[in-house]
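Sequences listed follow chains A and B, in order. The numbering of the first sequence is our numbering, which starts it at 1 and goes up by one. The numbering of the second sequence is our numbering, which starts it at 1 and goes up by one.
Hints were generated in silico from the structure; no laboratory data involved. Every clue listed holds true.
Since copy identity is lost for identical chains, a pair holds within one copy or between any two.
Only pairs whose alpha carbons sit at most 30 Å apart, straight line, appear in this in silico DSBU-like list of lysine-lysine:
#	residue 1	residue 2
1	Lys116	Lys162
2	Lys188	Lys31
3	Lys187	Lys162
4	Lys187	Lys116
5	Lys188	Lys116
Bear in mind that the values here come from a model prediction, so they are computed numbers and not experimental data.
These are the residues of each chain, in order.
There are 2 protein chains.
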Amino acid sequence: MRSSVPLKDAYRLINHGPTTLVTTCEVDGSKPNVMAAAWAMPIDFEPARVAIVVARGTLTRTLLETTRELVLNLPTVAQLDATFAVGSLSGRDVAKWTTYGLEMEKATRVRPPLVKGCAGWLECVLMDEEPVRERYDLVLCEVVAAWADDAVYFGREWHFEKRPEMRTLHHLARGTFFATGERLEAKKPEK
Amino acid sequence: MRSSVPLKDAYRLINHGPTTLVTTCEVDGSKPNVMAAAWAMPIDFEPARVAIVVARGTLTRTLLETTRELVLNLPTVAQLDATFAVGSLSGRDVAKWTTYGLEMEKATRVRPPLVKGCAGWLECVLMDEEPVRERYDLVLCEVVAAWADDAVYFGREWHFEKRPEMRTLHHLARGTFFATGERLEAKKPEK
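Please model the complete structure; the sequences and the hints are all you need to start from.
Okay, here's the thing in structure tokens:
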């Protein structure tokens, strides 16, 4: 079940550095596209903000600059092949959703869709920060809604132990990924 | 053994989203400091560039703005408690290196030290991008040297299978981390 995550906790969904799927669409909601992006991270707690690198020339970049909205989806081990595929090919050349078996659901605050079966979702609106986008392809966004599958996110934390197929992914390069691994608790530090 | 990583491959050291330790120092190399930063990612391949969030008011931020250099170190499972400790307390209040058993080694291209025992290291120089640093604490850097321990990084990839204590860390929140997990190979996509 998809449950709402308070915006102040949105960073917790991607704090561990998972690879993401970025969904975008036209202003009228048509032509939804999906692309993989390993370079995404939180940049603030409240307001919840994220930074994502989206290369110029991609369909995703064109669509997000037009609509000024995107969703950061957190794909799972079960979506490994699809994640690599949508990161390797362009939505201009391939019907990504049907070819790679990805399904969409309606988001709540933005027009691009959520990718069904992901572990978490951040609905995002672009911030007015053109210079770094132009110079470094660095897209700064505010998170306006956050969701997680409550099979693996509860008590304000990820818990993948019982659902290994829902572990998030961490891309190394060229289709080699790591799953999110063993949970470790650090000792509370003493001064 | 620490081996040099070609700059064009520097992104591969942090592409999987590990938590980092940021080292900084005064202009004359004195007062080396170390802080944890989970919000770090590559932003470009060539030139190799990274973005890191370093909160204003921290000693690390003061030092990096003074010296304009930092090292991104990639701590391991063996360094779990120290990683959390140096991310929770300020170098203004605690002698972090001695208190948490961290040792340093000389970097090659920058003045801040490398943290001994880490899995990888990116020696970085600040880029002239003050506006996003001022507005979002977002520090953009160019990587000028990269290193990895060849026990776990070889053939241009991380290999943690035989050295679990050298797996990198992924911070969730408040001292809960994930180790880098199982290696997965995605199927080459077909159009």
